[in-house]
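Trainee: Residue numbers (this note's numbering), protein chains in the order written: chain A, 1 to 104; chain B, 1 to 461.
Honestly, the hints are just simulated from the structure, not real lab data. Because the structure is a prediction, the values reported are computed rather than measured. Beta carbons are placed, not taken as given, at the ideal position from N, Cα and C, and that holds for glycine. All the pointers check out, no bait thrown in.
So the derived list for chain B, only partly shown, Cβ under 10 Å to chain A, looks like this:
no. : residue
1   : Leu62
2   : Arg65
3   : Phe170
4   : Ser171
5   : Arg213
Footprint (simulated), chain A over chain B, 3 or more residues, beta carbon under 8 Å:
no. : region
6   : 70-82
7   : 183-193
8   : 214-221
From the derived model, a few chain B residues whose C-beta atoms are all more than 10 Å from chain A:
no. : residue
9   : Ala36
10  : Glu143
11  : Glu175
12  : Gly302
13  : Ala311
14  : Leu335
15  : Leu336
16  : Glu373
17  : Phe456
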Amino acid sequence: MDQQQVEDELPVVRRWPPRMRLAAAVGWSSFLAACVGTMFTFAALDPQVIIDGVAYEQPESSGWWLSRTGIYSIGFFLYWAVAAVAGLLTGYLQECPPGEGDGP
Amino acid sequence: MNDGTAGAGAVSLYEAHRKVYPREVSGRFARLRTLAAFVLLGVFYGLPWLQWNGRQAVLFDLPARKFYLFGLTLWPQDFLYLTWLLILAALTLFFVTAVAGRVWCGYACPQTVWTEAFLGLERLVEGDRPQRLKLDRAPWTREWVLRKGAKQFLWIGFAALTGFSFVAFFSPARELAANLVAFQLGGWETFWILFYGFATYGNAGFLREQVCRYMCPYARFQSAMFDHDTLIVSYDPGRGEPRGARKRGVDPKAVGLGDCVDCTICVQVCPTGIDIRKGLQYECIACAACVDACDDVMTRVGYRTGLIRYATEQELAGRKTNYTRPRVLVYGTLLLLLAVGFVVSLSQRQPIGLDIIRDRNALYRVLPDGTVENVYSLRILNKDERPHYYVISAEPAGVFQVDAESVQVAAGEVRAVPARLRVAPGDLARAPRELEVAVRATDDASLEASHVTRFFTPGGR
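Only chain A is shown next, with the shape it has when bound in the complex (with noise of 0.2 Å):
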C-alpha cells in the first residue's frame, strides 16, 4: 500500500483558512501574555486593597466579583481581552499591508 492510498482511506478535513489561523494563534498567545500580566500586577497588588476601597465608599455594596479570586480573574480577562485585541490588530495591519509607493 502507498502513501497515496493510505491518504485516501482517510476522511478529509480542510487545513484552516488565515483568519482562523490568526485567531487561533492571537488566543493562545495572548493567554499566555495575560498569565505573565496576571502574575506581575497581582504580585504587587494585594486585591484587597479595592476591596476595602469598595468597602469604605459604598458600605452596603456587595458585588459578586469582590473577592480576591473574583479581582484576580477580572484582571486576567481584562489583560486577555486586552491583548487579545493587540494580537488581532496586528494581524490585521499585517495582512494589508499599504501599497508599494503609496504617499502618506
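Given chain A, work out where chain B should sit, using these hints.
Mentor: Same frame as chain A, but now just chain B:
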C-alpha cells in the same frame, strides 16, 4: 479584506489534509512515553492530595496570597523566586532543545500528555485505528451511538476531573472536594473548573495536533535553537532510498531498492500526521512513534533497525556529533549558574524582612535634659508560617537607647512600628553617624534582620 487577496502564499493553506487517526504503537519509546504520561498525570492529579505538616503540600493559595511548596512558604514579597524559577524553566527548555531536540514536545508537553490520555480513552471504547476508521464511516447505528456516547462520557468526565484538579492547586483540595459533594462550590471555583475542563476537552479531544501546528510558539521558534548537532527524529535516506515494496527474502540490492519497504506504518502512527521520510518538519513533535514502528517492521523483515532513529544531521552525513559547541556551553553555563544561585539564595532566605524609614519631619529632637532623639519607622515583615514577637535593638547598645515596644507580627504580615532612638548627652561624642538597627524574634534568635541607618545630632553632623 477578503481571504482571496491573501496572495499566492496562502493557497497551500486551503489544501485539504486528512484527519489524523494515530495507529497504536509499541516499543521502547512508546513505553517511555507512557511512563512519562503516567508520572506527569499522576503528579497533576495526585499532588493536591499530598499533605505536609498538616496542610496541603503544594498549594498556590491565591485567596490567602501565599504559596506552599512542601516545607517552604512563599509570600508575594518572594515573587522574585517565582520569576527566577520561570527563567530557569525557560533556560532548561533551551538547553534540552539544543542538545536533544524536541524532547519536551514528545514526552512532557501537557498538550501531548493529555492528547495521549484522550487517545487512550478513545482506543478503549472505539478500538484500534482500523476499527475507529470503520466506525467513523458507519451509519448511526445503535453501536455507533453507544460507542460515541461512551467515549464522550469518559472524555467529559476526565476533563471535569482535570478542571477540578487544576483548581485544587489554587484552592485547598479537601475543602474543594467537600464543597463539591455538598453542591456548595463558590461561583469562581465552579467557573474555573468548567473553564479548565472545557479547555482540556477542546485541546486534547479535538484540536490535538492543530495546537502544535497553528498555535504553539515553541514549535515555530525551536528551529532557532537547532543546529546540525541537535538530536532529531530522522529517516536515513541514504539507507532507505529508493524505497519500495519487495517480496520476502529478496536482497534489496539485487532489485535496486533501499531498506525502506514503504509500508507507511511510520505515517500511520504519527500523531501529527506527517511523513518523516520527507525530512525534518516543524510539525514533528519528536515523539519517536515512527522510530518504534519502523524498528518493528525492520525486525520483522529481517533488516537492521534504526532506519528511522534519533540522530543528528552530522551523524546522518557520516560525521561525528559535536556535543561541546558554543551554544550548548553557553546555555549550560547560564543554566548552572542560575540554578546554583537559586538554590543558594533560597537556602539563605530569612523568613523575616526589615525596612527602616527615617521620620521625614525632623532630623532630630533635643529633649529638655539634652538627650538627642531620632524617630524612625520600622517595617517588619514576618514571612514565617506562625506569628512572632520581635524586639528592636540598636548597635552599639551602650550608646543608643531604644524606645519601642516588642511587637507581634502575624504570619505573612507586614507591620509598621515607630521607634525612637535616644543618645544621652554624655554619650553624644561616642555616637557614630551610622548605626545598625536589628530586629530579633523573641522565641527564635536565628530570626534576625538588621538594617544600617543614620543618626543625626545637633553637632552639625
